[in-house]
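Colleague: Each chain is listed here by its residues.
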Amino acid sequence: ETGVTQTPRHLVMGMTNKKSLKCEQHLGHNAMYWYKQSAKKPLELMFVYNFKEQTENNSVPSRFSPECPNSSHLFLHLHTLQPEDSALYLCASSPRRGAGNEQYFGPGTRLTVT
Amino acid sequence: GDSVTQMEGPVTLSEEAFLTINCTYTATGYPSLFWYVQYPGEGLQLLLKATKADDKGSNKGFEATYRKETTSFHLEKGSVQVSDSAVYFCALSESGGSYIPTFGRGTSLIVHP
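Protein chains in written order, with our numbering: chain A, 1 to 114; chain B, 1001 to 1113.
One should not assume that every hint holds.
[Said to hold, decoys possible] Here are the simulated lysine to any residue pairs, SDA-like style, with alpha carbons at most 20 Å apart:
(1) A:LYS41 x B:ILE1100
(2) A:LYS41 x B:VAL1011
(3) A:LYS40 x B:VAL1011
[Unchecked claim] Some chain A residues judged to face chain B by a derived CB distance under 8 Å, without partners named:
(4) PRO42
(5) GLU56
(6) LEU90
(7) ASN101
(8) PHE105
(9) GLY106
[Claimed, not checked] Every beta carbon over 12 Å from chain A, so not counted as near; a handful from chain B, in silico:
(10) VAL1011
(11) THR1020
(12) GLY1061
(13) SER1072
(14) GLU1076
(15) GLY1078
(16) VAL1082
No lab work stands behind these hints, which were simulated from the structure alone. Treat the numbers as computed from the prediction; the structure is a model and nothing was measured. All residues carry an ideal CB built from backbone N, CA and C; glycine is no exception.
Construct the complete structure from the given sequences, taking the supplied hints into account.
Modeller: Encoded structure:
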């Protein structure tokens, strides 16, 4: 595997379910990000991790819980979601958190909350 | 705060036409500027970048020049192909402060044969 991978690619869950999204990067990067991409809305940054430490939480509701056990893996734990949480969730990585660092994105997980 | 403004789409062109997608920004410091492209069903991928004023980024026939005096980073391509149909995002990342990337809303490009 190369680049940034995300699993699952598609997820349908009920509002009372608990599920997790997984992201893995094979690039040796130290910063990882979660974004939410909804139709007709700008890309929303959710969380940033730098060297496994969370450095940004962009006022994300507590029903989204990130976890970064090491610099290569990032999880997003989901529970009691709302229909408006249906979106494409993108993971990204960069060499480190800083200007000039381009981000490398995974293909995303398409989440549908029923 | 920082912001990026892109022209609204969709931009619809015939194959081999000239493309310009406008991008302007506001930033408090000295940002790096990026263009990303998102093909259907995929994540974003870096298309090109520029890290200082007057730098020109280029890739796959696309170009953009970092214009500090006009705070712009317009994307251009001389002859588009059907395979260029995608959504294009302009973005910036400051050299100081939190480094959090700021993205534009994206511009959809549709190229017809």
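Colleague: Determine for every hint whether it applies to the structure shown.
Modeller: These are the hints, each one checked on the structure:
no., hint, in the structure
1, A:LYS41 x B:ILE1100, "holds (18 Å)"
2, A:LYS41 x B:VAL1011, "holds (18 Å)"
3, A:LYS40 x B:VAL1011, "holds (16 Å)"
4, PRO42, "holds (5 Å)"
5, GLU56, "holds (6 Å)"
6, LEU90, "holds (5 Å)"
7, ASN101, "holds (7 Å)"
8, PHE105, "holds (3 Å)"
9, GLY106, "holds (5 Å)"
10, VAL1011, "holds (17 Å)"
11, THR1020, "holds (21 Å)"
12, GLY1061, "holds (19 Å)"
13, SER1072, "holds (18 Å)"
14, GLU1076, "holds (20 Å)"
15, GLY1078, "holds (24 Å)"
16, VAL1082, "holds (22 Å)"
Of the numbered hints listed earlier, not one is contradicted by the structure.
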